[in-house]
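A.B. asks: Same order as they appear, the protein sequences are chains L and B.
Counting from 10, one number per residue, gives the positions in the first sequence under my numbering.
Counting from 102, one number per residue, gives the positions in the second sequence under my numbering.
Each hint should be verified, as a subset may be incorrect.
Derived pair list, reagent style DSSO-like, types lysine-lysine, alpha-carbon separation capped at 30 Å [unchecked claim]:
1. B:Lys239 / L:Lys111
2. L:Lys111 / B:Lys273
3. B:Lys305 / L:Lys227
4. B:Lys305 / B:Lys285
5. B:Lys305 / B:Lys239
6. L:Lys239 / B:Lys285
7. L:Lys251 / B:Lys401
8. B:Lys381 / L:Lys210
9. L:Lys76 / L:Lys41
10. B:Lys242 / B:Lys285
Pairwise CB distance ranges, derived in the manner of DEER restraints [to be verified]:
11. L:Ala252 / B:Phe400: 21 to 29 Å
12. B:His183 / L:Pro74: 24 to 32 Å
13. B:Phe400 / L:Leu117: 55 to 63 Å
In case anyone wonders, no lab produced these hints; they're calculated from the structure.
Note that the structure is predicted; figures quoted are calculated from it, not measured.
Idealized CB from N, CA, C, for every residue including glycine.
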Amino acid sequence: MKIIVPVKRVIDYNVKPRVKADGTGVDLANVKMSMNPFDEIAVEEALRLKEKGAATEVVVVSIGPAKAQETLRTALAMGADRAILIEAEDVEPLGVAKLLAKVQEEELAGLIILGKQAIDNDCNQTGQMLAALLGRPQGTFASKVEVEGDSVSVTREVDGGLETVKLTLPAIVTTDLRLNEPRYASLPNIMKAKSKPLAQKTPADYGVDISPRLETLKVVEPPVRQAGIKVADVDELVAKLKAMGVAA
Amino acid sequence: MKTLVWVEHDNASVKDATLAAVTAASKLGEVHLLVAGSGCAAAASAAAQIAGVGKVHVADDAAFANALPENVAPLIVELMSHHDAFIAPATSNGKNIAPRVAALLDVMQISDILSVESEDTFTRPTYAGNAIATVKSKDAKKVITVRGTAFEKADATGGSGTVEAVSSTGDKGLSSFIGSEIAKMERPELTSAKIIVSGGRALKDGDTFKANIFPLADKLGAAVGASRAAVDAGYVPNDYQVGQTGKIVAPEVYVAIGISGAIQHLAGMKDSKTIIAINKDEDAPIFQVADIGLVGDLFKIVPELTEKL
């Protein structure tokens with residue numbers, strides 16, 4: 010069984026995003042970029058399934074600028090077998106899902122594992138949309154994934170706790186934070202990744218219309234919260250809480 | 102505009118998250134509801150009581166028992182032939198189902214909206230709430246999820262909606278529900294609590310977390326939350342997590358104990374009315390958003406505070 014893992018190049022999660030002064034978006038010039046953290050977890054899960062013998066090949070796909078090659082090389086260095094870059098800027102989740110559906114038509118993977126959301130646009134849509142377009146089942150926000158024959162059992166993090174669903178393969182899984190802890194790529198593997206195959210494509214190669222449906226009119230910083238006061242001890246804190254009516 | 106709202110329910114009653122979604126929908130025009138479940142007649146009559154609601158579509162079938170998106174999305178798509186927008190609260194069900202509906206309708210979803218500016222324009226948070234985008238949808242139909250803390254709750258009573266049964270679109274046979282481990286709620290629910298006491302990694306382990314945070318929460322009648330670090334370390338289960346990818350909360354009072362204040366955590370709680378922080382590191386970022394801060398050893402402060410309240 011083949012596994013496809015889509016990965017996205019995003020602002021590094023340790024960087025505090027700054028809104029551009031002209032209100033057109035977030036300033037990404039000279040900002041550290043990394044693989045979306047949820048996608049790293051997705052790559053790790055695919056590799057573990059391969060190491061357990063449940064999968065034979067891990068293909069990583071990125072839809073993004075030319076520099077997304079670095080992200081794909083990171084995934085290859087972690088252990089993925091080959092990569093596909095579909096070069097396009099700022100594609101919305103619906104467009105990404107349409108492109109991935111075309112990739113799946115060619116690759117016929119048994120599982121497609123995605124991060125549950127990208128930490129830039131925070132949409133949380135692509136996996137569910139891809140499942141819809143392919144007419145396949147989805148196991149979102151996964152904290153445990155077990156392949157059993159022609160199905161996969163997915164434990165999901167939901168509002169009240171956990172729930173488990175069983176999906177017929179091929180299926181789509183989106184990862185939550187506690188699915189696994191991604192490995193670091195070793196130096197020899199980083200060197201080896203440079204010679205792994207990376208195919209370069211464009212949306213036109215797949216005949217997909219990716220024109221945006223949403224127009225961003227403006228982007229602003231959220232209202233700033235002012236730091237308040239510091240109290241010296243518990244008695245003073247209790248007095249404040251009583252004044253607020255929180256404590257009797 | 103005619104909007105269909107996904108009702109979050111437990112077959113017997115309607116969950117609060119629905120009420121904020123109804124308020125968002127009412128800004129677009131006529132509000133219809135969808136109650137999908139198995140044996141959900143009681144939830145449907147409760148939904149019909151929500152103020153301002155028109156029709157309540159009820160799809161009562163075993164296929165809809167656990168809100169499996171493979172079964173529920175085709176039902177919604179069918180109903181969307183006579184609605185202009187689909188709105189779901191940004192709950193785990195809403196986030197699971199709405200994008201599947203959007204793709205089937207060939208619509209780009211607008212996730213987690215904070216406000217309705219007009220029929221086609223909305224604001225939504227991006228970059229963990231560090232950038233608020235105003236977006237305009239060019240799609241003929243809209244698919245939207247709603248951030249519960251950003252909208253007032255509609256009145257749960259006073260409405261007189263008409264309940265109408267819709268026929269089932271059946272079980273698509275792609276997925277099945279195996280089971281769940283849903284924590285028993287001994288305390289208020291996080292997303293609707295007035296007061297939240299949250300603990301971070303500094304609580305050391307699960308036992309000290311419970312020994313310090315729980316008594317204070319119970320004294321205040323508060324819900325208990327946690328930072329990602331505390332959940333990852335296994336102090337408490339995942340449903341306690343507050344943050345960018347956990348629960349988004351905005352209580353009257355948020356007490357952050359031993360939480361440094363990573364941007365991912367702030368994204369989940371910075372709209373709280375009053376933030377109180379207790380941390381031994383006086384330079385912790387949490388103090389930059391806290392209204393009241395107390396620097397010191399939480400293992401001394403928290404028991405003393407619980408005692409004196």
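A.B. asks: The structure should be examined with respect to each hint, and the outcome stated for every one.
C.D. replies: Status of the hints after comparison with the structure:
1. About 24 Å separates the Cα atoms of Lys239 (chain B) and Lys111 (chain L), which keeps this hinted pair within 30 Å; it holds.
2. Distance hint between Lys111 (chain L) and Lys273 (chain B) is fulfilled; the C-alpha atoms sit about 23 Å from each other, no more than 30 Å.
3. At most 30 Å may separate the alpha-carbon atoms for a hinted pair to count; Lys305 (chain B) and Lys227 (chain L) exceed this at roughly 43 Å.
4. A distance of roughly 24 Å separates the Cα atoms of Lys305 (chain B) and Lys285 (chain B); the hinted pair therefore holds under the 30 Å criterion.
5. Pair hint Lys305 (chain B) plus Lys239 (chain B) does not hold up; C-alpha atoms about 50 Å apart against a cutoff of 30 Å.
6. Restraint check: the Cα-Cα separation between Lys239 (chain L) and Lys285 (chain B) comes to about 36 Å, which exceeds 30 Å; the hinted pair is violated.
7. Between Lys251 (chain L) and Lys401 (chain B) the CA atoms are separated by roughly 20 Å; this keeps the pair inside 30 Å, and the hint holds.
8. The straight-line distance between the Cα atoms of Lys381 (chain B) and Lys210 (chain L) is roughly 52 Å, outside the 30 Å bound, and the hint therefore fails.
9. Between Lys76 (chain L) and Lys41 (chain L) the alpha-carbon distance is near 12 Å, which keeps this suggested pair within the 30 Å criterion.
10. As the CA atoms of Lys242 (chain B) and Lys285 (chain B) are separated by approximately 39 Å, the hinted pair breaks the 30 Å bound.
11. Range check, Ala252 (chain L) to Phe400 (chain B): about 26 Å between beta-carbon atoms, so the 21 to 29 Å window is met.
12. At about 42 Å, the CB distance of His183 (chain B) to Pro74 (chain L) disagrees with the hint of 24 to 32 Å.
13. Here the CB-CB span from Phe400 (chain B) to Leu117 (chain L) is close to 56 Å, well matched to the stated 55 to 63 Å.
When the structure is compared with the earlier hints, violations turn up for hints 3, 5, 6, 8, 10 and 12 and for no others.
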